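Participant: Single-letter residue listing:
There are 2 protein chains.
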Amino acid sequence: MIQTPYLLFLGDAPDPLAAKVAQGIRDWRPDNCVGQFRMDGCKADMKIADMTLEEAKAAGAKTLVIGVANRGGVISQAWKKVLVQALEEGFDLASGLHNLLRDEPDLVAVAEACGRTLHDVRVPVVDYPIADGVKRKGKRVLAIGTDCSVGKMYTALALDKAMRDKGMKSTFRATGQTGILITGDGVPLDAVIADFMAGSVEWLTPDNDEDHWDIIEGQGSLFHVSYSGVTLALVHGGQPDALILCHEPTRSHMRGLPGYALPSLEDVRDMGLALAKVANPNCRVVGVSINTQHMGEQEAKTYCADVEAKLGLPCVDPFRHGADRLADALAAY
Amino acid sequence: MIQTPYLLFLGDAPDPLAAKVAQGIRDWRPDNCVGQFRMDGCKADMKIADMTLEEAKAAGAKTLVIGVANRGGVISQAWKKVLVQALEEGFDLASGLHNLLRDEPDLVAVAEACGRTLHDVRVPVVDYPIADGVKRKGKRVLAIGTDCSVGKMYTALALDKAMRDKGMKSTFRATGQTGILITGDGVPLDAVIADFMAGSVEWLTPDNDEDHWDIIEGQGSLFHVSYSGVTLALVHGGQPDALILCHEPTRSHMRGLPGYALPSLEDVRDMGLALAKVANPNCRVVGVSINTQHMGEQEAKTYCADVEAKLGLPCVDPFRHGADRLADALAAY
Chain H
279 MIQTPYLLFL
289 GDAPDPLAAK
299 VAQGIRDWRP
309 DNCVGQFRMD
319 GCKADMKIAD
329 MTLEEAKAAG
339 AKTLVIGVAN
349 RGGVISQAWK
359 KVLVQALEEG
369 FDLASGLHNL
379 LRDEPDLVAV
389 AEACGRTLHD
399 VRVPVVDYPI
409 ADGVKRKGKR
419 VLAIGTDCSV
429 GKMYTALALD
439 KAMRDKGMKS
449 TFRATGQTGI
459 LITGDGVPLD
469 AVIADFMAGS
479 VEWLTPDNDE
489 DHWDIIEGQG
499 SLFHVSYSGV
509 TLALVHGGQP
519 DALILCHEPT
529 RSHMRGLPGY
539 ALPSLEDVRD
549 MGLALAKVAN
559 PNCRVVGVSI
569 NTQHMGEQEA
579 KTYCADVEAK
589 LGLPCVDPFR
599 HGADRLADAL
609 AAY
Chain V
279 MIQTPYLLFL
289 GDAPDPLAAK
299 VAQGIRDWRP
309 DNCVGQFRMD
319 GCKADMKIAD
329 MTLEEAKAAG
339 AKTLVIGVAN
349 RGGVISQAWK
359 KVLVQALEEG
369 FDLASGLHNL
379 LRDEPDLVAV
389 AEACGRTLHD
399 VRVPVVDYPI
409 ADGVKRKGKR
419 VLAIGTDCSV
429 GKMYTALALD
439 KAMRDKGMKS
449 TFRATGQTGI
459 LITGDGVPLD
469 AVIADFMAGS
479 VEWLTPDNDE
489 DHWDIIEGQG
499 SLFHVSYSGV
509 TLALVHGGQP
519 DALILCHEPT
529 RSHMRGLPGY
539 ALPSLEDVRD
549 MGLALAKVAN
559 PNCRVVGVSI
569 NTQHMGEQEA
579 KTYCADVEAK
589 LGLPCVDPFR
599 HGADRLADAL
609 AAY
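These protein sequence lines map, in sequence, to chains H and V.
Residue numbering for the first sequence follows our numbering, starting at 279 and increasing by one per position.
Residue numbering for the second sequence follows our numbering, starting at 279 and increasing by one per position.
What the hints contain is simulated information worked out from the structure, not anything from laboratory work.
All figures in this text were calculated on a predicted structure; none of them were measured in a lab.
Honestly, I wouldn't trust all of these hints.
[Stated by the list, open to error] Heads up, simulated DSS-like pairs for lysine-lysine below, C-alpha to C-alpha not over 27 Å straight-line:
{"id": "1", "chain 1": "V", "residue 1": "447", "chain 2": "V", "residue 2": "555"}
{"id": "2", "chain 1": "V", "residue 1": "555", "chain 2": "H", "residue 2": "588"}
{"id": "3", "chain 1": "V", "residue 1": "588", "chain 2": "H", "residue 2": "555"}
[Unchecked claim] The calculated label-pair distances, taken between Cβ atoms and stated as ranges, are:
{"id": "4", "chain 1": "V", "residue 1": "408", "chain 2": "H", "residue 2": "325", "range": "55 to 65 Å"}
{"id": "5", "chain 1": "V", "residue 1": "410", "chain 2": "H", "residue 2": "571", "range": "41 to 51 Å"}
{"id": "6", "chain 1": "H", "residue 1": "358", "chain 2": "V", "residue 2": "355", "range": "41 to 51 Å"}
{"id": "7", "chain 1": "V", "residue 1": "279", "chain 2": "H", "residue 2": "412", "range": "33 to 43 Å"}
{"id": "8", "chain 1": "H", "residue 1": "529", "chain 2": "V", "residue 2": "415", "range": "24 to 34 Å"}
C-beta atoms are modelled at their ideal positions from N, C-alpha and C, and glycine is treated no differently.
Let's have the full structure, built from the sequences with the hints guiding it.
Facilitator: Below, the structure is given as structure tokens:
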């Protein structure tokens, strides 16, 4: 568990997209962000207070989160200078970079000397159990997609926000690096050992109040041959009571798999539900989330209306239309 | 890749069952077994020549394989004495034990000094790729089960033998510890990192002759919530052209999951085929393998005949009836 609140480290981000992790934290957990730390030449801006390490510390920040991708997979000396100083000032560090903080001997040495923690959220730190399939209390909803990167995390975070706004009890459960940095904890599912995948999802979504919803971040797709096993571990470990289908309509083939066509929403509904019922016979599909970022306003509206009519389920783009109707579907569950 | 042939180490096996790994090697790859090494009090016997380390070395053995489970998860000093001497005599060591050879400092030191290799087959040693889903040449058959431990490995090994006896080209592809020790290589799939599961199965079953069959060892079950993700990685990474359904009819619930009923063979057929067609639209189910070990002779016969009539597929217990009819089904593919 990463200590909040954060100081967001944007480094020397060459463009706003390089800082998308910081943007995710800023968008979804603004209360977790005390300020931002930008170096010379930084081209990203979260529109929050620029702070020195000292100022952020005084404002209560506990962890410096690396919210930016590094160039060439190397943690530069310019970054190092800031990171070392942050440890010395009493910050923990958190990172989702491929190259790990723990593999940098200088950071390890300083962290140890200062009694601080290095969080590499790509690496599991828990010994997860084997899944036991026992039914847990409380409710769970999982977003499953026609493909990878169709907006499952965004859908889950938007749904969580809409539910809280309605006074419902909900918790976003992160299963990927960005989600973990946004919320401060979760399971880096793609890095878990095969035998423990489903068990890690059970661990992530324990017993809760009967009217509480865990909103489980989806990964991959049952129809994406590279990652489908990860997705099925989510379906069976998560024991979802409800599924939300996610889709991006303009994609010509499965991400990274030329020659593989996308399944239809009906395919994903039928396959997802049949598999989910193995772990939870009461599971049902409650809504559809469409990522319409490559469509015009009217086109998006028409597309969602068509899907809604065809599948008989509320269908929205949570970014364009909000996630209220998905939250309503869960409220009515 | 473990060097063959082997000297089978049976240690102080308290009963024959403790030596089931050695038995598997002896049953399926007798040519890999130069002899057996038994300590005082050993209650297992592979019915092959008892040999000293020197005799086995002279007879050409390259690797001492630990074919027995250890008591209490500790490699005893009595074992150590033999293992150290084996390294000194020029043997590599191979083990599927939970506690790893590489975690024993004395074995590591002696192996290094003698230039020998310690093979812990529970631990992947290859950096597997992410699956790319590209169609490979040659044919592949995968055994999928209603549950774990219903006889998928046995079915695959029996099928491999039957196909070779018919002059067909086939290779058993191990995906578990025992299978890896039997054949000398494979992928310990349950220990692979989630993102690389399907890629490891692609790696295991590369391009081959068009008339060659890879017989992929199955793991878990699509209906076993603890391990289903591993199974789906086999289905999508393996791109099987053919599936064989495996079942043990007397089980009252899924292994380790009280309260979870077994799926029907029809359920496994339909779900398995629908998922397999994502990676290989030509996939079909070609036969059924029933583990009738808890049934009488006549009961087993009747059961298989009933399944055969109901599913319209050849149905045998490969242990009782041989795997010839399954091999014929692949020959006719």
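Participant: If any of the earlier hints don't hold here, list their numbers in rising order.
Facilitator: 4, 5
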